[in-house]
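Student: Protein chains in written order, with UniProt numbering: chain E, 1 to 393; chain C, 1 to 287; chain F, 1 to 333.
If you're looking for bench data, these hints aren't it; they were derived computationally from the structure.
These figures come from a predicted structure and were not determined experimentally.
Keep in mind that a hint or two might mislead.
List of simulated lysine-lysine pairs, DSSO-like, C-alpha gap at most 30 Å [to be verified]: (1) K91(E) - K28(E); (2) K324(F) - K162(E); (3) K144(F) - K182(E).
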Amino acid sequence: MIAGKRILGAAVSAMLMGSVSAYADTIKVGIIGPFSGPFALQGKNFQAGVEAYMALNGKSVKGHDIEIIYRDLPAANPAQSRALAQELVVKEKVQYLGGVYFTPDAMAITPLLSQANTPLVIFNAATSAIVNTSPLVVRTSFTTAQTTNPLGKIAFNEGVKKAITVVSDYGPGVDAENAFRKAFEAAGGQVVEAVRMPMNTTDFSPIMQRVRDSGATGLFAFLPSGPPTLGFVKAFNETGLKKAGIKFYAPGDLTQESDLPALGEAAEGLKTSFHYSVAHDSPENKKFVEAAVKAIGSADQLSFPAVGAYDGMHVIYKMIEATDGKQDAKKAVDAVRGLSWTSPRGPVRIEPETRHITQNIYLREVAKDADGKYINKEIQTFPDQKDPGLATQ
Amino acid sequence: MQTILSIAIDALAFGMVLFIICIGLSLTMGLMRVVNLAHGAFAMIAGYIASYAARDLGLGYAASIFLAIIGTIVISIPLERFLYRRIYGSPELTQVLMTIGLTFCVIGITNYFMGPTLKIIPLPEALSQPLDVGFRTIAAHRLFVIACGAAVAGGLWYLIERTTFGIKLRATVDNAAMSDALGVRTQVVYAISFAIAIGLAALGGVVGAEFLPIEPYYALRYMVTFLVVVSVGGAGSIPGALIACLVLGFVDTTGRYLMPDFGNFFFYAAVILIVCLFPRGFLGRAQ
Amino acid sequence: MHIMAQAGTVSAMPDAKSHLWRDAAGIALISACGAAGYWLFPDNLALLTRIVAVALLVLSIDLVVGYCGVATLGQAALFGAGAYAAGIACVNGVTEPMTLIAIGAIAGAAAGLLMGGVMLRAHGLAQLVLSIAIVQLFHEAANKASAYTGGSDGLAGLMVSPLFGLFEFDLWGRTAYLMGLVLLLLVFIALKFVVASPFGMLCRGIKQDPVRIRAMGAFVFPVLLKMFVISGAVAGTGGALAAVSTQVVGLDSVSFELSANALVMLVLGGLGTLYGALIGTVIFMGFEHVVSAFNPFHWMTMVGALLIAVVLAAPGGLTSLVGKVAASRQGKP
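Next comes chain E alone, as it looks inside the complex (with noise of 0.2 Å):
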């Protein structure tokens, strides 16, 4: 019976394969992301990424052809996820799957990988074990903290001893105080309070008077983009912590670009650490917003999660050139390894071992442009940063 069903599972899979080899003039991919619901800017970023991405490199590689299926995943939700990657593997018989926002979505996809011969490469979900599950899994975004990791030194050389973490009470949250509290305690500091804030935490002043109170001279904190930034940064402000002289360090999930014209004015001077600012000055980063902002329609909506689509686009593009159309996926990867070449948030390079992306982290400050608008201005570079949460495993 198993080789029966093997001999079936088999028989598909090389139906599916000479389907592919025998016609391949078009080349699917599926992309996975928030399209709609409470995290849909993000998904729209995605898109314009990889519209970004198609629009500057040509929407063939090698004569093949390329077409983009997009599928809706509005919040984490494995089983869905699973749904969707299944869907798009057997039924719209995609060659490479690409997306994916949250952790767990891609924690359920991981498994499926083998079987269906497809590499998975993640344009943001940023834990850093996903890309242990499964070998086919490429990642090029970035890891919470990998993003985190040089504030702690940044803040102990601005003569910070004291520090208190308030983070966001879910994985990523979690994640950003350890890595702040490791480089800082390395650096010399002392993390006098960890707080975690349920995800819902809408008024944050009672947490700023625990703030005040705990003696602290420097806050790190760490919520998710979104509505929540707004009330934070604001309370920081009104409460008079930063009239006090307390600094404030985060990484730039907090100041993510399509906040920053609510945030305005509560939010200049802030210093956060991040892989990418839509500000970064390089000819490949003006290239990549002209085309990007015209993908998603409006200057004001661009940020992080769209360069990492493109970039992801650029990985998948490489796998395609390699395998020459042929769905490969163990090929495909070890194409990529080693792969390293200028993103518009500058040089980067895909691990070989890893699978996850090492690149520079800027610590920037929110400031007004020439035009008056508020961007994330980058003051200083670290470079070839890897992942630090994969090199302690």
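Based on the hints, put chains C and F in the right spot on chain E.
Tutor: Positioned in the frame of chain E, the structure of chains C and F alone reads:
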């Protein structure tokens, strides 16, 4: 002591925002017996109108609030006429189905036309300053919100207890058929109450935008909070809703200060406790 | 608060035989639809499996809402209890799928006992709010206990062994779907017996008039609590099925959103018939799948429009439409 006072002011401001938005829902649920889960959607629509008026039309804050309230009520009139009137007196779950459907539509349409980014309503200079009140600095708009909440509570109390319309409203609520027979035009009473409820949602959405920022998912994001607050207060009771907002605001704020890691546990444990002690809400009417 | 006044009345009790035939036909129809799904959509079996798992959740809500008149927006607490129990057992070395389903059902029943014990103290709106508070507390607890549940990253790495040692849970999802379908049928048949039993009739009686039932000398609380436990077992089965077939358990399985969506599906299909639960689930999730594939960006408006249209056209849910059509046919011979 300073800390306690400071927490108390924060709790009061947060509670008042909840009150202004929720009191409208409490009226629709308690007086008109309509479980209007789209209530938050109206608050959101008002926020968008105010944001548009203030940023694109350059109107002042007060004018923006006024325009938002009027605009939201105007939008709600056809909805009341063609959708809500069909579900007056329907079983609650049918109302839930319809109003959730309406919420989905509003979210989808807003996302399509306004985009998924946050919208802000710029505060006037006087309200955006941090104010030094001796023991701490507090944002001036928090005091403004507290004042708004007090004004709404007082105004509603006067309207319902001291005016002719209030008498008709209470009569309609107690026995619609009998009131009708006695010459009260219940349809008109319903329509006016509905407009008042929507207007309050609009006011709350605008002045509360500093706490609950305006974005398309607003309508669903805070739906549970609104529903819980109204039920804890007892649907239809103004003082009940006020007490519920203040108590829950206090529990929430204090819990988040004392043990931020378990903030939600405090809130919902308090809800369970209150509901077990007061099965009809603080001041809910017997049914 | 008479939440579900529109469901069928108890008094209508034609001869039991015709009921039996009707239910046999209904079950045959469900099996036929399930099999048709297998042959018509062989490439969407993961979706169909998800529908089956959610259908179990919606059935469990019908038991308490449709048959007992207890409004709940927190049923996902029971679904999630089953999912996490199965998931944690699996990670700790229990990999036999049927055992995992049983563990899920037991955990769901236990959670149902707890939830019923709290919720049945209140009535109407207060009850609804209690259910919300409970599901939120479950959600927080699952998030906090990340050492066991994986928190917001999800509980991953479930290695489920092949069903009966033969059929693997693979990419194509045939095993998962067929197992889910058989489970759904068995549960459905069992529930038909439960709701037709004297106990089930007593529940309906309580829903219509708890005072009169009490006056007749029956105890209301233990009867409803028993139904809650049964409902918990059904929801837990659904949760375990989702865990086994997805191999990941996420926080969404104990969320208010899932509870609310499931209740919407039930009301869409119609209360108090068990068929309505299945119809509502299939229509809602199928529609959502089609429109969200058609336009991944703005499909929510269309789902909203569907719900409004159903309320305007068939306020009692889609099954009531079937009843109306049948009645109007009988009306003009």
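Student: Against each hint, give a clear statement of whether it holds in the structure.
Tutor: Verification of the supplied hints:
no.	hint	verdict
1	K91(E) - K28(E)	holds, 11 Å
2	K324(F) - K162(E)	violated, 72 Å
3	K144(F) - K182(E)	holds, 22 Å
Hint violations for this structure: number 2 only, all remaining hints satisfied.
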